[in-house]
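Take a look at the letters that make up each chain.
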Amino acid sequence: MSLLEVSDLDVRFALRQGEVRALRNVSFSLDRGERLGIVGESGAGKSVAAFSLLNLIASPGFIAGGSIRFDGQELTGLSDRALRKVRGNRISMIFQDPMMTLNPVLSIGEQMIECLKAHRRISHREARAIALHKLQQVQIPSPETRLDQYPHELSGGMRQRIIIAIALLLDPDIIIADEPTTALDVTIQAEIMALLLELCEKHNVGLILITHDLGVVSQVTQRMLVMYAGRVIEQGPTREIINDPQHPYTQGLMNALPQMATPGERLNQIPGSMPSLSNLPSGCAFHPRCGFVNDANGQPRRACLEQVPDFVDSGNCRVACHMVAEMLEEEQRLAKEETS
Amino acid sequence: MTHVANAPAVAATETASFGKEASTQALLEIRELTKRFSLSGDFLEQLRFKGGRLVRHQEHVHAINGVSLDIQRGEALCVVGESGCGKSTVARIVMGLLTPSSGEIRYDGKRIDHLTPRQLLPYRKRMQMIFQNPYASLNPRMTIQQTLEEPLRLHHPNWEREQVRDKVTEVMTSVGIDPDWGKRFGHEFSGGQRQRIAIARALAVDPEFIVADEPISALDVSIQAQVLNLLMDAQQQHHLTYLFITHDLAVVEHFGTRVAVMYLGTVCEVAPTATLFASPRHPYTQALMSAIPRLEDDRPQHIRLSGEVPTPVNLPSGCVFHARCPYANERCRREVPALIAQGDGTRVACHGVEEGRL
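Residue numbers (UniProt numbering), protein chains in the order written: chain W, 1 to 340; chain C, 1 to 358.
One chain only, chain W, in its complex shape (with noise of 0.2 Å):
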């Protein structure tokens, strides 16, 4: 039994020009201290995936079916007062922008007080302590300076050492951290998550990674999923996914990164860009712009414009492909006649 388990998933917003189907079928499980990673480009879900799990979707969002279960307690259905028990104090989040994220008229000591004394009661000295004491944590010079300074004093990289800091404030079991470094420079970015892999491992919390930087999976997380137009296509231990990526669009999203081409060398893109989610292709929602829609005779798959792919087992990983999925067969149809 996981940490937690969600399974079939499904978010809509409801739009006047009808509902979108923002995540469908999105199913994945975390246990108590692993480090997952989810990979998707911009209108792929996993900002959705993520704000789900705490039921952060704003209205005209809203959970439509499947269950997300969290250390035997079902998330989806609880009420907003009881929600708030896990929200924040066992399940905590860190958002893209550390500006957005901070109040800008409270000063840091007063945000984490807040925030300590809203879930325990403590007194207001004791708060105080926990909060430098995280504050050393994070690694930020003169921490009780700090706490008595407005976000606006302070630059990007620290404000997300804060912002990781109040995340730790209630020794959570899982930390969802959505694109936590995009906003920041390549130098601090890497200490950041050097430093929230740190405290991660050290005090056995999960992590869920939102991010679209397959170099960041990479070298934080163990297991990943890759999004596509509201569905997981992939999942599996990342090591093996990038070394050997099974799915079409992750096979594209790899290649198409500069360091997978020879400098000066045209690089290998992918055709066409995501459909947009009120408009989904038919089928597989990635076959339009798909190498390898077509059979061996040429012919474009008919499963593949007409039939939603079902996840295959591939090895360790998970994949949903048409193409794989008749690879297999075709592999296992081969081990089987050479067997006999």
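Keep in mind the hints are simulated off the structure, nothing from the lab. Beta carbons are placed, not taken as given, at the ideal position from N, Cα and C, and that holds for glycine. Mixed in with the good hints there might be a few duds.
As the list claims (entries may be wrong) - Residues from chain C that keep clear of chain W, each with C-beta distances beyond 10 Å, as calculated:
1. Arg106
2. Arg161
3. Asp166
4. Asp220
5. Gln342
6. Glu354
As the list claims (entries may be wrong) - To be clear about the criterion: a stretch of chain W counts as covered by chain C if any three or more of its residues have a C-beta under 8 Å from a C-beta of chain C, and this derived list gives those stretches:
7. 152-158
8. 161-173
9. 215-227
10. 256-262
11. 267-274
Given the coordinates of chain W, work out where chain C should sit on it, guided by the hints.
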């Protein structure tokens, strides 16, 4: 005092290296460029009471401090650095969107930094710019057709309507946008398509030099590859010269002929791309390169820099990098290092490299 005493030495090495490069006739020469932005408002706002007297108090952001670069014909010079290092300011000054505080910009041997807008007009046709955010750089109230016709009407006032329309069709086709979409507005396109349109607008007047300020950072990975390919195709077809501003070193490695690494308004290293990536010399370049998340290794093994980039309001004395540099010594804190040419075509501004201790 030491700063002042050292300045002529810096200038001397710079002019010496310029003398060498001038013989190959660089397309664009940037010499000793500085740019300060005033933080203290107008004259009345600058007045302060201090010790019972009225004094004038001025504060500046030192965005660029003595940058000298050459861009050769047909090359793609990439300028990399973190936010606030002045790379975009360099691009804007080169394009004449900002006026330098001091220094010179020479285009094709002629000085352009002090020209009036009217005098600059013929140069504007030869040099074009692509901006970072395609959502902001297209006028939301103009159709794509109008957006693309505007530069042509400005620079070719005597062209026939047919001629303008044909040219627009041609550039739209060349960037992979269906010419039938001309009647649409910017907001009807995706980010990648908008950036294609911005590139089409730059290419419309057949420029020879393009300044691209973070042209792909606002785009998704799969779209980045498309736009980068488009820029490389355009370079081959139109024999373009690029000044490419970016913070993404992977893009630089792929795209750049030469790289200039900037830190806090100064150039700390200029080198051919392959040389820079094989053996970065400046400690900052080394740290920057080690910070790229690579796909190969599991663990971040970057060089940890202590502290953060100092504010450009009060520049550190000596080498601007000394406060974060693991190898800094007394001389680094005191003396501004000059860009000194190394054997392999690299130029490095570092006392440690100069003394051979790095």
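Verification of the hints:
no. : hint    : verdict
1   : Arg106  : 28 Å, holds
2   : Arg161  : 33 Å, holds
3   : Asp166  : 27 Å, holds
4   : Asp220  : 4 Å, violated
5   : Gln342  : 21 Å, holds
6   : Glu354  : 24 Å, holds
7   : 152-158 : holds (count 3)
8   : 161-173 : violated (count 0)
9   : 215-227 : holds (count 5)
10  : 256-262 : holds (count 5)
11  : 267-274 : holds (count 7)
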